[in-house]
Amino acid sequence: MRVRYVVRKLGWAAVTLMFVLCFNFFLFRIMPGDPAGLLARSQRLTETEIAEQRAIFGLDKPLMSQFWTYLHETFTGNLGTSYLTGQPVLETISSRVWPTVLLVGVGTSVAIWLGLRMGIKGGWHRGSTYDRTSLYGSLTLYSTPEGWLGMMLLIIFAGSLGWFPVGGYDSGEDLSGLAHVIDVAKHLFLPAATLALGYGASYMIVMRSSLLEVKDEDFVATARAKGLTETMVRRRHAVPNAFLPSFTLIVLSFGFVLGGSIVIETIFSYPGIGLLTYQAIDAYDYPVLQGVFLISSVAVVIANLLADITYGFLDPRIEEV
Amino acid sequence: MNRTARRLLAVAGIGSVLALAVPLSATTSASSAEGTPTVLRVGVPNDLTTANPLSLRSGSDWNVATIQYDMMLQFGNEDLSPQPGLADGCEPNKDMTEWTCTFQKGVLWSDGEPFTAADVAFTYKLIIDQDISTYAQYFSDGTTFETPDDNTLVWKSPTPTSQPLTPPWIYILPEHVWSQYADLEKADLRAVENVPSVTTGPYTLTEVNRGQNWTLTKNPNYWGDEPNFDEIRFQLFTNQDAMAQALKNGDIDVATYFDSALLPSLESDPNITVQRNASDWWLNLAFNFGGQSPDSDPLPALQDKTVRTAIAMAIDKQGIVDKAYDGAAEPGTSFIHEIPQRWHYDVPEADQIPYDPDAANAMLDDAGYARAEDGVRVDPATGDRLALRMPISQETAGALPAGQLIVGYLDQIGVEVKILPVNEGKMYSYWNTGNWDAYIWYWTGEPDPNYQLTTLMSDQCGELSDGCWKNTEYDRLVTQQKDIIDPDQRQAVVHDALALSYAEVPSIALAYPNNIEAYRNDQVTNFTPVPGDTGYLIPNYNNVGMVTVEPVSGSASTGADASTGMSAWGWVAVIGGVGVAAFLFYRRRSRVDDEEG
Amino acid sequence: MSDTALAAPGVASPRRLVWQRRRSAVARNWTLYRQNRQGMVGLGVMVFFALLALAAPLLVPPADIEPATAQGLPNHPPYMGYPLGTDNFGRSVLDLVIVGARISLLVGVTATFVAVALGATIGLISGYYGGTKIDVGLNAITNWFLVIPWLILAIVLSAILGASVWIIILVIGVTSWAQPARLIRAQALSVRARPYVERARVLGCGDRSILTRHILPNVAPVIFANAILTVAVAILTETTLSILGLGDATAISWGVIIEQAFSAGAMTNGYWWWMMPPGIAIVCVTLSFTMCGYALDEVLNPKLRGR
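Protein chains in written order, with the working numbering: chain W, 1 to 321; chain Z, 1001 to 1597; chain P, 2001 to 2307.
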C-alpha cells in the first residue's frame, strides 16, 4: 500500500524531529563555561550585572523549567534571542538563508551534473583512460580536505592570479540588473567550485560503482539482445536502474554539505548560515547555534522524507524492504 | 535537441560564465564620477555586533559608535587630554563639587532637531538609572544634573571630583529619540537596534548587513568641518588574508586590526602605508594567590615572591614580542600600558627585573627549591612540584603562542607549565573559581587609570582582581590617587602604585601589542591618527580622522597590482598545472602504446 | 587450553580446525589482495606514514619543535637543513609534518576504533535480534544519527566541549558510528539466517556465544574494510575541525599546521612551503586508506571484483 508507506515515513520524520528537539536542548546544557561570563571582560560587567544577564538568558531557572519554556517557545516559532546581538534568532537565521541556498544549490547542482556524467561515462567504458583519469582524480579530490582545497583555490585564483574576488557575497556597491548578477556570480564562483569539486568527486565514485553493478545484470543483456544500440541500452536501461542508490546517497550527503558550507563560507567570508554558525561558535552564541542545528536538522529530515517518498514511487520493490 | 547542440550550449554557458568572471575587477576607486557618491571602503575582521552605544562589544562596534557620536568633552588628538567637544569647557566651583559646562550653540542632530544640554543630562541620567556599569563608573553616587538653559549643564557631585575632565567616555544620545526607550528593562534597552541612527557626529549609520557590510552616510547637519566622503562602508573579512588581498587589489581603501603575521607582505607593497599604533590592550600573565571561592587551590609556592620574581626573570619578553607578535609589540613593563603616556610608568633600568634565566635558577636554588629527578623543582615547605596549570584565553591575539613559548622558558628554570587554551566563557569560570595557578589574558585600558588600578586592590578579590593579590600599601596608594585633582600630584601617586605592583609581581605585563592598520596611499590620504602620530586611523577615541581623510586626486587610474610580478603562489599554480598536464599526457601515451602493442 | 590437552596428537581439534580454516581464508584473501595494484600502492603509502609516525620521536628531537628552543629563522622558505622551510617560531616544517603524522593518525585510528566499536556493538545486537523491539529501537537511533547533519553536530560538540585531542576523538567517534552500525546490522541479519547459526542454536548455544563465536567472525572482514574507510573520514573531519580553529592547538596535527599557516598569512605572504606539505600529506594518507578500503571491499565481496 502506497499510502501506508507514506504515512509510515511521515510518522518516522515526526518522531525524528521530536528527537532532534530534545537532543538540541540538552546538547547545549552540557557545555562548560558560563555564557554570561563571556561579557565579563569585553563589557566590563560587574558580578551583579552578570547575574542579571544570566537571568535574562533564563539560565538561573531549574533545568526542567528551562526545558518546558524551550519546547513551548519553539512550537510558537520563537527560537530565542542571540546572546551576541540581542536580536531574535529566527530573524538572524532567515536573513542569512539566501546566500547559503544559492551556494549549496549551485554547488550541489554542478556536483551532481559533473559527478553523474563522469561516473556514467567512466563506468560504461571501464578501464579506459577517461575512466582511470576521472576515477583517480575523483579519489584524490575525495581525499582532499575541502577547507584546504578552498584555501588553495582562494590563494591561487583570488590571491595570486586575481581572477576572482577574495570573498563576500557581492562587492557591496549599488549595482543593479545584469551588473549585479555578474557581481554575485563572480563572488560565488570559487566557493561553489570548492563545494562542487569535493562532492562531485564522491558522486562520481558512487555513480560509477552503481552503474558497474547493473551493467552485467540480465536485463541489460536482454536489452542488448533485443538489438538496442549501446547508447539506448545505457540511457534507457542501465542508468535509470543504477541511479537509485546514487540518489539516496546524494540526499543523505545533504547534511554533510550543510556542514561543509561552514568551512567554505568561513574561508570565503561568504555571509550565509555557515558563516553565521562560525561567528556563533566564535562568540559562544548558543541560542544561534541551537537554532542553526535545529533548522538544519529539520531541513535534512524533510529532504530525507521527500527522498524516501520519491524512492518509494520510483522503485516498486521498496515496499518489501 | 540533439547532442551536438546541447554540447555547444553547455560550452557557451561555461564560456560566458568565465567571460563574466575572469576580467579583473577594474578597481572602482574612492574618487568618483559625477553623481555617484564617494565612498571610503574600510576592511575589518570583526562583525558589527550592535549599533547601540549602550552595549558596545566588538572593536567594530566601538569604531562605528565613535564615528557617529560625540562626547561632552572629547579626547584630544595628541595625548587624549580633554578638549572641547559638544561642550566648550567645564568650570568647577571652589570645592570642586559643582561643575558648570557650557555647550556650543547651533548644533543640530542629524534629523534636524536642535541639540541642547538636556540631551546630555538625559544620557547621563539614563546610564545612572539603568546602572550600565561600563559607563556608570564615571559618576559618584548621588551625582545630579541640572540644565538652567539650553547651553548649560550643571554637574553636582556630593564629594569633590574631577570626573567631568576624565572625560567620561560616554556618547551623547538624542533625548527626542531615546526617551521612548528610557523605561524599558535593561536587556531590552541594550537590544535596541538603533539603525538608522540620529547623531551629532560627522556620519550616521544607515544600513547594516550583518556578516557582510555596514554603511555610514554623511550627516548633513554636522557642526564641524564637512567630511570629504559621502559614505563610509565597512566590509567584513572573516579571514585576515582576504582582507590583506583586498587592500592589495585596491578593493578597499583602508583596513584595521590586522594580524601581525601580515606585516611583511603589507610593508613590501609600495602602495600601502602601514600604521602600527600602540593598542589599547595588553597581554597579561597573572598569578593566583587564591581565595576567590572554596574551590580555589593555587600552588602555595606562588605566595613566595622569590618564585614569582624568578618566573618573571625567566620569561624572555623580547622573544614573545618577536615570535608571538612578529615584532609588532613592545615588551611589557608595568600594569598600565603606554596610552596614555601620562599614566604609564616606565620602570627605571635599575628597578627592572631583567631577563636572566641563570640568575633565576640561582635564586630558586638559594631559596631551597631543589630540582627533582625529572628536572622540576620541588617546594621545600610543602613538597609540591613547581607545576603550573595555565589557562590561556585563545581568542586573545598572541596569547597562545606566548603561552607555548613560556612553557619552554620556564622549563629552563625547572618550572613545569601545562597550558590550557580555553574560550572567554571558560576563562571567566577560572577567574571566578580560582582553580588555576597562572593565566594569560588581556586587559584593556582607557585613558584614565583609575579602573585599571582598582583591579589589583584587595577588596576586588572575587570581583575584578585577577588572582586576589592583597597589599595594603597598594590599596592605600590607589585610594589616595582617586581624590587628587592636580594631574602632576596624581601622576606621582599612580606611578608609586605601579612601581609597587611591578616589584611585587602579582602579575607580569608580557607585551603591549601594536594595533596594525594599513591604507592605500594612492587612494586615500590625510588621516588624523589619534593619539599622536602613532595613533589609530580608524577612530577609536574621537572622529576627527574621519573628517580629514580624503581621496587622492586622480586616483581612479590605479589598478590591481598586476605589475608586482608573479608571486610564489603563481609559481605553485603553474607547476601544479604543468604536473597535471604531464600526467595526462603520459597516461594518454601509455594508453596509445597499449593499443598499438 | 583444555581443547589442546584433549586432542590426540595428529588429530585436529574442532577449534584448531576453525582456526586453520580462518588462516587459510586470510591467506587466500591476501593473495587476492596482492593482485590489486591500487590496494598495494595504498598499503605501501599507509605503512610508510605509519612507520613515520612511530619513528617521529627518533627523527625529530623534542627541542626542535618546542617554540622557545627552535633554532631556524622564522617564516623562511626552504634552506640548508630546513628542506621544507620554517614556521613563525622557526621550526622546520618537515619536522612538524613528521610529528603531525602522529596526532593525525592517532585521531584517525582511535576515533575509528570508537566509531566501529560502537557501531559494531549496536549493529550486531540489532541485527541478531532482527525484528524484535530491541532491533526496532536501536535501528531507530541508528537511522536518526544517519540523518542528523553530523558534521554540524561534530563542530558544535567540539566547540562546546573545548579543544583537546581526546575530545575530538570522542566527537568524531560519536558522530560517525551510524554508518558502520547500519552496514553491520545488514550483514548480521544475513549471517543469522545461515544454516550453521541455526544449528548452533539448536545445539543449545546461548545468544552471547552465537554472537561472538559465529556471527562476529563472519562479519569481521566487513567491519575491517569499513573501518579502513572510516579512518580516512576521521582524518578529514579532524582537519576540518582544526581548520575552523576547533582543534587542539597544543597538539600538532596536520590540520592544526594548515590552520596556523593560513592564519599566519600564508596566502598574502606566499608561505607555500608551510601551507602545502601538511595538505599533501593528508591527501596521501586519506587516499591510501580509501584505496586500501576499496581493495579490501573487492577482495571480500566477490560481486565487486574486477572493477
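Treat the hints as calculated values from the structure; they're not laboratory data.
Hints should not be assumed to be uniformly reliable.
Stated by the list, open to error - Below, simulated DSSO-like cross-link-like pairs (lysine-lysine); rule was C-alpha separation at most 30 angstroms, straight line:
id, chain 1, residue 1, chain 2, residue 2
1, Z, Lys1186, Z, Lys1125
2, Z, Lys1186, W, Lys61
3, W, Lys9, P, Lys2133
4, Z, Lys1094, Z, Lys1186
These figures come from a predicted structure and were not determined experimentally.
- Compare the structure with the hints numbered earlier in the document and write down the numbers of the violated ones, lowest to highest. Hint 4 is the one this structure does not satisfy, whereas the remaining hints hold.
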